[in-house]
Structure formats: C-alpha cells, structure tokens
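Using the hints, position chains Z and H against chain L.
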Amino acid sequence: MIPAITFKNNGINFKEKAFKKTLTLSAIVAVIILIAIFFTLLVNSFPSLKALGAGFFYDKTWDPVADEYGALPFLVGTLLTSFLALLISTPFSIAVSIFLGEYYKKGIVAETFKNVIDLLAGIPSVIYGFWGLFVLVPIVRIIEIKLNVPPYGVGIITSSIILAIMILPFSVSLSRQVISMVPDHLKEAAYSLGATRFEVITKIIIPYTKSGLFAGLLLALGRALGETMAVTMLIGNTHSIPTGIFSPGNTMASVIANEFSEATGKIYTSALIEMGLFLFVVATVINIIGKQIIKRFTL
Amino acid sequence: MNDSKSEIEKQIAHRNRKNKRFKGVIIAATIISTLPLLFILFYIFRQGISAINWQFLTHLPKPVGEAGGGVSNALVGSILILLVSCIIAIPVGIVIGIYLSEETKSRLAYYCRLAVDVLQGIPSIVIGIIIYEWIVRPMGGFSAFSGSVALALIMLPSIIKSTEETLKLLPESLKEASLALGVPYYKTMLKIIVPTGLSGILTGVILSISRVIGETAPLLFTAFGSPFMTTDIFKPMSSLSLIIFNYATSPYEDWHQLAWGASMLLILMILILNIISKIVQSKWKVQF
Amino acid sequence: MESAILKVRNFSAFFGKSHILKNINLDIDKNNVWAIMGPSGCGKTTFIRCINRMHELTPNATTSGSMQLNGEEIYEMNPVMLRRKVGMVFQRPNPFPTMSIYDNVIAGYILNGIKLNKQQKDEIVETSLRRAALWMEVRNTLHKKGTFLSGGQQQRLCIARALSMNPEMLLLDEATSALDPVSTAKIEELIHELKAQYTILMVTHNMQQAARVSNKTAFFYLGELVEADNTKTIFTNPKHEKTQDYIRGHFG
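Residue numbers (my numbering), protein chains in the order written: chain L, 1 to 299; chain Z, 1 to 288; chain H, 1 to 252.
Among the hints, erroneous ones may be present.
[What the hints assert, rightly or not] Listed next, the in silico DSBU-like pairs over lysine-lysine satisfying Cα-Cα at most 30 Å (straight line): (1) Z:LYS168 - L:LYS15; (2) Z:LYS187 - L:LYS21; (3) Z:LYS168 - H:LYS239.
[Claimed, not checked] Okay, the calculated bits of chain Z under chain L, using three or more residues with CB under 8 Å as the criterion: (4) 16-28; (5) 70-82; (6) 98-104; (7) 130-142; (8) 208-214.
[What the hints assert, rightly or not] If the Cβ cut is set under 7 Å, some of the chain Z residues that face chain L in the computed set are: (9) PRO91; (10) TYR110; (11) CYS112; (12) ALA115; (13) ASP117; (14) VAL118; (15) LEU119; (16) VAL126; (17) PRO184; (18) ALA217; (19) SER241; (20) SER263.
Don't read these hints as lab results, they were simulated from the structure.
Glycine included, every Cβ here is placed at the ideal spot set by N, Cα and C.
Excised from the complex, chain L in its bound form (with noise of 0.2 Å):
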C-alpha cells in the first residue's frame, strides 16, 4: 500500500508528495482517456443517431452517393464472419488447449507447441490478409467451381477462415490454463475408480471447466468482431448482404477501413463513426463479461 505518512520540513517532503501525486494522476488519466474515448463516439455519431435513429441497424441500402445508410449489410457481415470463424475455431481450439492443457503440460513438446501458437498471435492482420489473397483465396476459388458457385474466391467463408485461424491462439491460452489447473485429485479420484483418460478428460475437466472455456471463447469472439484488416483484403468488399457464405460481403470494421478516409459530408462520416460505437459497445460488453467470468473462475 502507498504509506500514509507525511514528512516535515525537508526536500524529501516536496519529492514524496510530488510521486505520490504523480502516481494518483496517473490512474486518472486513464480513466479519464477512456471516457473521452466512448464520450467522441458518442458525440461524432450523434449526426447519424439522429438523421437515421434505429433504421440505420435494419435498413438494407448502403449508397453513400445516394445519402442513403443502412447498415444491416455490414452488421449482417459482421455478425456471419464472427460466429463462422468461432464455429470453425472452436473444436481446434479446444482440442488445442486440451493437448497442451491435459497431455503435454511440460517437455520439448509442450514448449514447441505453445511456441507455435504465441507466433500464430504474433503474425499482424495485414500479413495474413496478404496471404490469405494468394494463398486462399486461389483454394477457394477452386471449390467454388466445383460446388458451382460463382467463383469469387473472395467472400465469407474465405475470411471467416482467416479470422479463425488468427483467433485460435487467443481462445487457446485462456483455454489451456484452466484446463491445466485441474486440481490432480478430482482426475485420479476418477483414475482411481477405473476411468480412462478419455472419460476423465470428457467427464471430469472439461465439465470443470467449463465457465473457463466458454470465457476463452467469448474473447475470442471479441476479437473476430474488431478484427479488421485481414478480414478487409479478403471478404470481397461489397455493400449488399451476403446470400452465402460464398458471396462477397463486408463488416463494419472494414468498411470504416475502406471509406473513413475519403467520407465526405458530416452525416457519411457520422455513419461510419457510429458503426464504430457499436463495435466498441459490443466488444466492450464481451470483453467485461468474459473477464467476469475468469474472475469468478479464479477466486
């Protein structure tokens, strides 16, 4: 704790009040930063808020030359992109923790394995977009001729198995401590009446954990939805509502990537600033739950 104690008369007084001081202002400009970060929002989209009120969320036309905004497209994007990503990450993920959780804890195996998933992590955004553009999207592009579908190569499913691989690692490490902090003796109480490892795995940790792994994918899941520039590169980038998961389509974040620099005109830039409200509001909401929950996890 910061002592109590004052000093009298001596330079050391001055000094300790001042990194006393110091200290406290610290905190409050960090609070203070985040409410003016929600406060800008806020008040950069009020010009939106009120041209367009609700019907912004489930209006279908997004025609910045018209002066027309709805939103529903990209929420609809964003929203597909998000929760297809998690679908196609979760078993991985979670076969993922319980390998490294469960089967290899310690050992060159272990370090190798948790190595790999850190550097998964610490690829940035662009780079697998990039990747995705030419490695992918060629994939893609292949199968959808095949299944007779237009071969965009771009679209929804490509950046959903883009974004699953990136939030693969994020889903992992939360998932991985848990699953490894198991205390030892509920799983050899279980050994010890005859179970296998499969049985205790599926009936005893898994089951603890559970509150545990659902966190680690609510964080990952916070993540899709902010995740922007691969998602950008690969999606197809389009203003109408995806029929598919292979047709082109967009999210709010890329959107704001692709149109915030060149938006005219102060209720085209409000728009854009309000979808990025919403994607601060939601992962905000996710990112809080989610912490809640390992709290409550750990205590």
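Chains Z and H in isolation, oriented as in the chain L frame:
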C-alpha cells in the same frame, strides 16, 4: 458367469480403443492447427527472400511500371513512428503499472483497472477513428505523430499489465527493508523496487512493441502513408504495414514483390523482438 | 546508573478500531539485550514496529501516547531521520537483489544519496561485516550479488546493513525463525557480542532463545505489557500468573 466376464472385458477393450483414438484425434487436430503458421512463414520466406536486397532496403518506391524501387521510406517510417509511440507509452505505462501494483483496494484503482481492461479490448480501427478526431482534424492533416499516439494507446494496456504483475510478485519485505533503513518511499520504489522488477517490465515492453509493429488499421487515417522519404513526424509517413496493405491489394506484380519483401522484413523484426524478450526474461532474472 | 535510551509512556497502537497495544509503559536501558515475548497476537511485533514507525505505514494504523528515543519524542521526529537511528532486521532475510554484497552493506548511504569516498566506504563495509561476523566469509566476493549467500549469511548481511548506519538501537523481528539451527546459533553469538555497543530488542517466540541470549525480558499478553524484568527473574521467579503460565508452556 463366463459370458458376463467377457462382456466386461469387451467393454473395457472398447473404452481403451476409444481412449487411444481420442488422443489421436487431439494430436491430429493440434498438428493441423499449427500448419497455417508453417505455410505462412514458408510462403513469405520463399516470396520475400528474392525481394530483399540492398536496393530494396535503401530505395524509394518507383512509379508503376518501372522496375526496381524499394521500401526505404516505409522502413524508416515504421521505426520512427514506433520510436515516438514508445516515448509516449513506456513512461506512462510504467507509472500507471506502479500505481496499480501498489494500490489494490482504492476506488480509483478499481476504475483504473477497468479502464485498462476496456482499452485493451477496443478494436484498433476504432482507436484510429479516435485519434483522427483528437489529433488529425485539429492539426489539419495526417501525420506520423498522430499514428504514434494511436499506437501508444494500443501499447499502453499491455505495458501497464506486465509492469503491475511483475511488481506484484516482488516480496513486501523488500520494500520494508528499504523503508526501515530510512529510505523515503519514492526512492524505495524508484531505486529498489522498479530496478528489481526491471527484467519483467522490459519483457512486457518488448512484447508490446512486437505486437504493435505490424499494426495497420490505426495508421490508415492517422499516419496515412506517403510515397516520400520523410523524417518529419508532423507530416504523413509510410510504414511497412501500410505498404503491405496498399501493394498487396494493387494489381501490379512488382508491387506485390515489394509487399512480400516488406512482409518478410516485418516477420523477421517480430521474431527478433520475441527472441530478445525471451533472452531478457531468462538471463536478466533477478533472484530473490 | 544505566540510562534509559527508550522511554515508553502510556503508549497505545490501533489498526482502525482494533486496540492492539494497550497503555504500554516501559524503560529500555542502554546496552542491554531485551527479549520481547508473548503468545501469537500479543502485540510484540507491533510494539517494535512502533518504535521505528513502520507500524503507521499500514493504512488505518494509528498510535497514541509517547515514545522517546534519548529524550527526543519519536512521533514528532521526521520518520526518515528516525529510521536512520534505529535499525531493523526482519524475519526473512531480504538483501537487495540488484546490489552486490558491498553495496548492500552501505545501502542506507547509497539510497539516501550520502556521498562517501572510496576509503570511507571500504571502512564502513569492513567494520559492519566484521561486527556481523560475516567479513571472513565474504571478503573476497564483495562484488557478488547478496542473494547468492546462504540464508544464515544473508541474515548476517542484513544485520551488517543495519549496523552500518550506526544505529542507536537494533530491532530484531524474529530474526532467526527462518534459519537453520547452525545459523541461528551463530547469530545468537553475534547478538551477545553486539550488546557491548548497541541496545537490542528482539522479538522471539522461542523461549529457550530468550533465556540464552537476553538479559532483560518483556512479556506481552493480549496487547498489554504484563511484566518486564531481568531475564533470570522472569524465567525463574515471575511475578504474574500469566507470565508463569506462558513460561510453563500453557500458551503458544
């Protein structure tokens, strides 16, 4: 009696097989999950290695159609923008981290921690919007400085958290020993506590740098990018990440080549930073 | 006549509303080794932490009454100045991990920005380490970090660090509880020798240690000073029933 015995044995054998198959599935899934990394690194390396040469590192990009050209301005830009954001984020982050490690129960500490958690989860494109409104608009134009501020905001939570966690691990008796010697609190923190935790703090800083060096979204409407070589941080500036984005999505083959080279450069820098952080973590560790 | 280096009058200490020390009155004479004893929770550690004003570092910790060090009112002094006159050694050895043995000994000077030339530094380091019976073991490795020593050696280093400030009084807070018997014995021997130059207050829950090392004892119970007398008297002919019970092992 014999029948039920063999029934049980059959069941056990079945469970054992299931057990083995499960482990196989887990291992297979894990290996599949790591394949993308190998593919990506391999591909970048193969494409990028041919692009990197002296010209690449020291020349400016040439107009479309002309051969040659390099990414010198982007390289310098990345480093400069990063430098300024470090200057902003590191002191502020460490100070807030010290505060949070010392104050655990006060209300301000609670709200501060909440603010840091929320800040950590904000999508980086939103940070770009914020800085656009806070700095680019008032300044009247794009600038490397605004890009640095955006990156600093993104770096802040991880620096704060790693500082807080590092200092929290230090034993309380260390502080008491210094205070009992008659050393004032501020000196105790600055000359004993922070130096003892330096390796952990440094590791956190290096890792947050490696995370931010590849960021593109927050720079899109702050630093914006530029085809020129400039070291004026109040003008728009290019960065490796911006260049990769712009060239990769262009239709020109030689620009794609430059982008591959830039990607490889970026990955190398990230790898080196990660290795440095691991070295700092193990070699510099202070025993107590 | 022995002179009282520490005079405690009507002294009380609180954690919030909890009354930890109740109206303590005690005179500590120079060049004595005082054992401060009592069952867990009796306030003995709080008592010595009030002497060098470490108690008040905990929020909601307050005191009332008077403590005088050589006639000066402790609670009116600058705490930083006070702590340079009273040395403390803690239960767990805590040499500063980033400093060498040499720097650890004179840490009090270094951290307070007191400038000394090389000769003065060397002198203080050697004298303090000799007084702490550690010099012979570390004289050739003074540049090494303090944390590479054994537990007992680290503790003697902490003693040297406290002694280097030339304190008027040395407070030992269960300084040997975390050490092995051999190191404990070495430090007990040390305390014996230090008596000639310093006044030592040692909190201990080890009755045999108190009997071995101290010549005066103060017995605390539930925040009150029950009895304070020569160690021999306390152990063979205590005046109070509670003291008797403690000596005979009725309490922890």
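Against the structure, the hints come out as follows:
1. Z:LYS168 - L:LYS15: holds (24 Å)
2. Z:LYS187 - L:LYS21: holds (15 Å)
3. Z:LYS168 - H:LYS239: violated (47 Å)
4. 16-28: Held - the region 16-28 of chain Z has 8 residues with a Cβ nearer than 8 Å to chain L, which meets the minimum of three.
5. 70-82: violated (count 0)
6. 98-104: It holds, with 6 qualifying residues against the three required.
7. 130-142: Since three or more residues must qualify, the claim that chain L covers the region 130-142 of chain Z holds, with 4 doing so at under 8 Å.
8. 208-214: holds (count 4)
9. PRO91: violated (9 Å)
10. TYR110: With a minimum Cβ separation of about 10 Å from chain L (threshold 7 Å), the hint on TYR110 (chain Z) is violated.
11. CYS112: Nearest chain L Cβ about 4 Å off; hint holds.
12. ALA115: Holds, because the Cβ-Cβ distance from ALA115 (chain Z) to chain L comes to roughly 4 Å (cut-off 7 Å).
13. ASP117: holds (6 Å)
14. VAL118: Holds. Min distance 5 Å.
15. LEU119: The hint holds - LEU119 (chain Z) has a Cβ within 7 Å of chain L, the shortest such distance being about 6 Å.
16. VAL126: holds (5 Å)
17. PRO184: holds (5 Å)
18. ALA217: holds (4 Å)
19. SER241: holds (5 Å)
20. SER263: Hint holds; SER263 (chain Z) Cβ to chain L Cβ min 5 Å, cut 7 Å.
In summary, the numbered hints that this structure violates are 3, 5, 9, 10.
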